[in-house]
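Visitor: Chain D: place on chain R using the hints.
There are 2 protein chains.
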Amino acid sequence: MSTAQKAKILQLIDSCCQNAKSTQLKSLSFVIGAVNGTTKEAKRTYIQEQCEFLEKLRQQKIREGRINILSMDAGVSNFAFSKMQLLNNDPLPKVLDWQKINLEEKFFQNLKKLSLNPAETSELVFNLTEYLFESMPIPDMFTIERQRTRTMSSRHILDPILKVNILEQILFSNLENKMKYTNKIPNTSKLRYMVCSSDPHRMTSYWCIPREETPTSSKKLKSNKHSKDSRIKLVKKILSTSILEGNSTSSTKLVEFIGVWNNRIRNALTKKKSFKLCDILEIQDNSGVRKDDDLADSFLHCLSWMEWLKNYESITELLNSKTLVKTQFGQVFEFCENKVQKLKFLQNTYNND
Amino acid sequence: MSTAQKAKILQLIDSCCQNAKSTQLKSLSFVIGAVNGTTKEAKRTYIQEQCEFLEKLRQQKIREGRINILSMDAGVSNFAFSKMQLLNNDPLPKVLDWQKINLEEKFFQNLKKLSLNPAETSELVFNLTEYLFESMPIPDMFTIERQRTRTMSSRHILDPILKVNILEQILFSNLENKMKYTNKIPNTSKLRYMVCSSDPHRMTSYWCIPREETPTSSKKLKSNKHSKDSRIKLVKKILSTSILEGNSTSSTKLVEFIGVWNNRIRNALTKKKSFKLCDILEIQDNSGVRKDDDLADSFLHCLSWMEWLKNYESITELLNSKTLVKTQFGQVFEFCENKVQKLKFLQNTYNND
Numbered sequence: 011m012s013t014a015q016k017a018k019i020l021q022l023i024d025s026c027c028q029n030a031k032s033t034q035l036k037s038l039s040f041v042i043g044a045v046n047g048t049t050k051e052a053k054r055t056y057i058q059e060q061c062e063f064l065e066k067l068r069q070q071k072i073r074e075g076r077i078n079i080l081s082m083d084a085g086v087s088n089f090a091f092s093k094m095q096l097l098n099n100d101p102l103p104k105v106l107d108w109q110k111i112n113l114e115e116k117f118f119q120n121l122k123k124l125s126l127n128p129a130e131t132s133e134l135v136f137n138l139t140e141y142l143f144e145s146m147p148i149p150d151m152f153t154i155e156r157q158r159t160r161t162m163s164s165r166h167i168l169d170p171i172l173k174v175n176i177l178e179q180i181l182f183s184n185l186e187n188k189m190k191y192t193n194k195i196p197n198t199s200k201l202r203y204m205v206c207s208s209d210p211h212r213m214t215s216y217w218c219i220p221r222e223e224t225p226t227s228s229k230k231l232k233s234n235k236h237s238k239d240s241r242i243k244l245v246k247k248i249l250s251t252s253i254l255e256g257n258s259t260s261s262t263k264l265v266e267f268i269g270v271w272n273n274r275i276r277n278a279l280t281k282k283k284s285f286k287l288c289d290i291l292e293i294q295d296n297s298g299v300r301k302d303d304d305l306a307d308s309f310l311h312c313l314s315w316m317e318w319l320k321n322y323e324s325i326t327e328l329l330n331s332k333t334l335v336k337t338q339f340g341q342v343f344e345f346c347e348n349k350v351q352k353l354k355f356l357q358n359t360y361n362n363d
Numbered sequence: 011m012s013t014a015q016k017a018k019i020l021q022l023i024d025s026c027c028q029n030a031k032s033t034q035l036k037s038l039s040f041v042i043g044a045v046n047g048t049t050k051e052a053k054r055t056y057i058q059e060q061c062e063f064l065e066k067l068r069q070q071k072i073r074e075g076r077i078n079i080l081s082m083d084a085g086v087s088n089f090a091f092s093k094m095q096l097l098n099n100d101p102l103p104k105v106l107d108w109q110k111i112n113l114e115e116k117f118f119q120n121l122k123k124l125s126l127n128p129a130e131t132s133e134l135v136f137n138l139t140e141y142l143f144e145s146m147p148i149p150d151m152f153t154i155e156r157q158r159t160r161t162m163s164s165r166h167i168l169d170p171i172l173k174v175n176i177l178e179q180i181l182f183s184n185l186e187n188k189m190k191y192t193n194k195i196p197n198t199s200k201l202r203y204m205v206c207s208s209d210p211h212r213m214t215s216y217w218c219i220p221r222e223e224t225p226t227s228s229k230k231l232k233s234n235k236h237s238k239d240s241r242i243k244l245v246k247k248i249l250s251t252s253i254l255e256g257n258s259t260s261s262t263k264l265v266e267f268i269g270v271w272n273n274r275i276r277n278a279l280t281k282k283k284s285f286k287l288c289d290i291l292e293i294q295d296n297s298g299v300r301k302d303d304d305l306a307d308s309f310l311h312c313l314s315w316m317e318w319l320k321n322y323e324s325i326t327e328l329l330n331s332k333t334l335v336k337t338q339f340g341q342v343f344e345f346c347e348n349k350v351q352k353l354k355f356l357q358n359t360y361n362n363d
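As you go down the protein sequences, you meet chains R and D in turn. To convert a position in the first sequence, counted from 1, into our numbering, add 10. To convert a position in the second sequence, counted from 1, into our numbering, add 10.
Bear in mind the hints are in silico, worked out from the structure with no lab data behind them. Everything hinted at is true.
Copies of the same chain look alike in the list, so a pair counts if it works inside one copy or between any two.
Listed below are the simulated DSS-like cross-link pairs for lysine-lysine, each with C-alpha atoms no more than 30 Å apart in a straight line:
#, residue 1, residue 2
1, K173, K123
2, K281, K263
3, K190, K200
4, K116, K173
5, K173, K238
6, K116, K190
7, K194, K122
8, K122, K18
9, K104, K16
10, K173, K122
Keep in mind that this is a model prediction, so the values were computed, not measured.
This is chain R alone, in the form it adopts within the complex (with noise of 0.2 Å):
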C-alpha cells in the first residue's frame, strides 16, 4: 500500500476540511461514515480517522479490483453476517453470502449452552473465526457490530450483554490474531484484511435520516423497537427493488443478487406481500422467534461500508481531477450534499411505497 499516496490523499481531504462550516464538515462525516464531533476540529479529527480506513479499502480495491466485505452482528442464537463484493468498474454491490447461525446449534450441536466458562467460549469463537473462511472469497473487511454494554435504563450490564460482548471482542481478537499468526508461516500465501467496529448508531442514522422532527414523531421515530422495524421494511424495500429494478443504474436501485438470492427474493415476493428475510435465506429457525432485525442489520452495516466506500472514491476523484483547488473543495460539499439529499429522496420513495 502506498503510504505516500495515503498520506497525500488525506492531506487534500483536512485542507478541504479547514476553511468548511460546520454543517459542510457534518454532511461529509455522514457520507463517509466518520463519527460527527462535536467541535470543528473533533469533526477533522473524526473525518480523518475514517478516511485511513476507507483509504486502505480504496488502495486494495484498486490492486485487486474488487473488494469483499463480511458485516457480522453478533449474538449467540441469533449471529447473522452478510457478505457483499464491490468490483472496480461496477456501479453496485453484489450479495455473495448472508446467513444467521444459532451459534449453539451450529457449533455444540445443541447439547450444551454458552456459560460464561472462557474454555467453551474460547473452542466456540475459534470454530466461528474459522468458519468465516470456509467461503471464499476471503473478505478484505471484516466489520462486527459494537455491542452496546448498558442495559437500557440502568448503568449495569445483564448477564446476556455481557456474553455478547464477550462473543464481539473475542471475535474481533482472534480475527486479528488469526491474521498475525498465520503470516508467520513461511512460503503460504499472506492473509489481508481488516477487522473494525461498525457503529449501529452511524449505520441507522445514514439510512434512516430522520424528518423534520415533530414532538410525536420523534418519540416514536426513537423508540428502539420501531427502528428496528423500520430498518427491517427498508431492506424488504431495498431486496424488491434491486429484483424488479433489471437496470442497475436507477436511483433506488442500491445492490445486486445473483444466482440462487435472485430466484429466493422472487419466490418470496410472489408468494405473499409481506415476506419474512428468514424466508429468503430459507432458515428454519427452530428455536420458533424468526427475528429478521439481525439479518436487516448485518445487510445494512455491510451496505453502508459500500455505500461510504463509494462516496469516498467519488470524493478522492474530484481531489485528483485538473480543475481548481477552490472549485474541488466546493464540488466535494456539493456532492455530500447531493448524497444526503438522494438518500432522503430514496427513503421517501420507499416510505411512500
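Guide: Same frame as chain R, now just chain D:
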C-alpha cells in the same frame, strides 16, 4: 501422552471412589482441587474431571522431568502472575517469576486508558499474551483466575467487572489459539501447554480451611476483605519460612526461592517486620495503591496447582503399588485425611506465629 495409561489410572481412581463415604470423597476432592459435588455421584464426576487435567500434567512431568505452571490473576491496572517449576525428584516447587503489571502503563505507555473498544483490547491482550512467552521456560500450563460476573450485592455487572471478564476471556482464547495456529507452522517445535481457569473459591478453601465456626468468627471470616488479608498474611509466612528454614523437608516449608528472590526476601525481612509483597518485587507502583492481594492470589493459585499435582502423584503411586486393591483404597483416603490435617496444622502454626 499415553491415552491407555491415562484411561487406566482414571478408571482405578473411579473404582476407588465407588464405595467411598461422602466425607472420604470430600477430602479426596479437597486435596486434588476438584469441585466438591453436592451428591456422591457429582463428587465422582468432578473428581474425574480434575484428574483428567492432573494426569496430563503428571505424564508431561514424567516426559520432561519437570513441570512449569504460570498462574494469573487478571486485572487492568493490577495484572499479577506467578511462575513455578517442580522438578521430578524435588519435594518443593521453585519460584521462577512473580510479577505485577499495570497493563495500560506497560502496553499503552500510559498514553491512553483501556476503553472497551475491541481494537484496543485486542491489541493490548495480544501484546500481553506474547509477553508471557518472553521468559523461558514456556509453561506447561497457564491458569487464569476465574472472574466473578456479579457485583457482590446485585445481579447486575458493573463496567470494571465487564472489562476484567473480557480481559480474562480474550487472554484464555489467545493462549489456546496461539498454540493452534503456531503448530500449523511446518518444521517448527510444537507448542504444547494447557490453558485452564482456576477457581478462586477452591484456592481459598485449600489455604484457609475454616476453623470450627463460632457465630462471631464465621461472619468475620467470610468477609471478602478479611479473606484477602489472611491470604496476604499467609503468603508472607510462606515466604519467610521458605528463607528461614534451610532444610527443605520441614513440613512448614512449601516452596523454594532461588537467586535474586532469596536476597530480596531476606532484605525485606530484615528491614521491617511488616513488609509488603510489593517491596519484594521492587514494584514502584506509581499509581500509589501498593496492593498485595493480586500478588498473593496469583502465588497461591500457582502453589495450589503444584500441591494438587503432588497430592495426585502420591495417590497414583498408592494405586500403582503392589498391595491389595482394598488396602490401596484405604491408604488413599488415609493419605487424604492426613494431608488435610497437615494443612490445618500448617495454618495453625502460621496463625499462632
